[in-house]
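Asker: Residue numbers (this note's numbering), protein chains in the order written: chain A, 1 to 114; chain B, 1001 to 1112.
Hints listed in this document are in silico derivations from the structure and should not be mistaken for laboratory results.
Do not rely on the hints blindly, as some may be mistaken.
Below are the DSS-like pairs computed for lysine-lysine, each with C-alpha atoms no more than 27 Å apart in a straight line [claimed, not checked]: (1) B/Lys1038 with B/Lys1068; (2) B/Lys1038 with A/Lys78; (3) A/Lys57 with B/Lys1071; (4) A/Lys57 with B/Lys1005; (5) B/Lys1038 with A/Lys57.
Chain B is nowhere near these chain A residues, computed Cβ spacing over 10 Å in every case [as the list claims (entries may be wrong)]: (6) Gln11; (7) Met15; (8) Gln17; (9) Asp62.
Bear in mind that the values here come from a model prediction, so they are computed numbers and not experimental data.
We put the beta carbon where it would ideally sit given N, CA and C, even for glycine.
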Amino acid sequence: EPEVTQTPSHQVTQMGQEVILRCVPISNHLYFYWYRQILGQKVEFLVSFYNNEISEKSEIFDDQFSVERPDGSNFTLKIRSTKLEDSAMYFCASSVLGASGGYTFGSGTRLTVV
Amino acid sequence: DQQVKQNSPSLSVQEGRISILNCDYTNSMFDYFLWYKKYPAEGPTFLISISSIKDKNEDGRFTVFLNKSAKHLSLHIVPSQPGDSAVYFCAARVQGAQKLVFGQGTRLTINP
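Isolated chain A, as found in the complex (with noise of 0.2 Å):
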């Protein structure tokens, strides 16, 4: 069964640093998203990414989020420059269809600043 594939699994980093969370969609995949799950809150939506550009995203997402395809396989999702409130699980995800085809999620990356 094809996956979605997120690396690190785990990550510290120090308050103020910039982080690099990446991933690999599935390969026939158009839609590619990124979600945020902080310990004991609800998944929040962070951006959609469709034909190499941001098709969406929420106000969470802002000047420190950036994202990029930068080789026709990876997808990353950058934070300039980190805050503790950005401890959380990112999970990226890809479908085929958009959201009503259902997402394929990875099994995300724990984001640790301190």
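Chain B: place on chain A using the hints.
Answerer: Frame of chain A, contents of chain B only:
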């Protein structure tokens, strides 16, 4: 943001019986509803979805019912199996958008 609510944080069901997970929503612009299952240390796994123009969708042991007038949907699992023990998330999509809005999740425990 309480657009999608799962009011039961946990549910315990005996193996072989029916599990019923509930979800309420407030936004009339949702056009798709989805259920995801999540095990610890894994990402959510898509289970089943339903379009807002339908009232029932079935896939094996899983059936989702949608009551638009009550803005309520439910997931039925029959018969429940130990491997069904997980956190179940209800999610919804606004028409024309890509993002999903998730509920808080319900932890289902299937007892032998």
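Asker: All hints are to be evaluated individually against the structure, with a verdict given for each.
Answerer: Tested hints:
1. At most 27 Å may separate the alpha-carbon atoms for a hinted pair to count; B/Lys1038 and B/Lys1068 meet this at roughly 26 Å.
2. Simply put, B/Lys1038 and A/Lys78 have alpha-carbon atoms about 25 Å apart, close enough for the 27 Å limit, and the pair holds.
3. The straight-line distance between the Cα atoms of A/Lys57 and B/Lys1071 is roughly 26 Å, inside the 27 Å bound, and the hint therefore holds.
4. For the proposed pair A/Lys57 and B/Lys1005, the alpha carbon gap of about 22 Å is at most 27 Å, so the pair holds.
5. Under the criterion of a C-alpha separation no larger than 27 Å, the hint pairing B/Lys1038 with A/Lys57 is consistent with the structure, at around 24 Å.
6. Once the 10 Å rule is applied to beta carbons, A/Gln11 is consistent with being away from chain B; the minimum gap is 15 Å.
7. Distance check on A/Met15: its Cβ is at least 25 Å (rounded) from any Cβ of chain B, clearing the 10 Å threshold; non-interface status holds.
8. Annotated as non-interface, A/Gln17 keeps its C-beta farther than 10 Å from every C-beta of chain B; the closest such distance is 25 Å.
9. A/Asp62, annotated as away from the interface, keeps every beta carbon of chain B farther than 10 Å; the closest lies near 16 Å.
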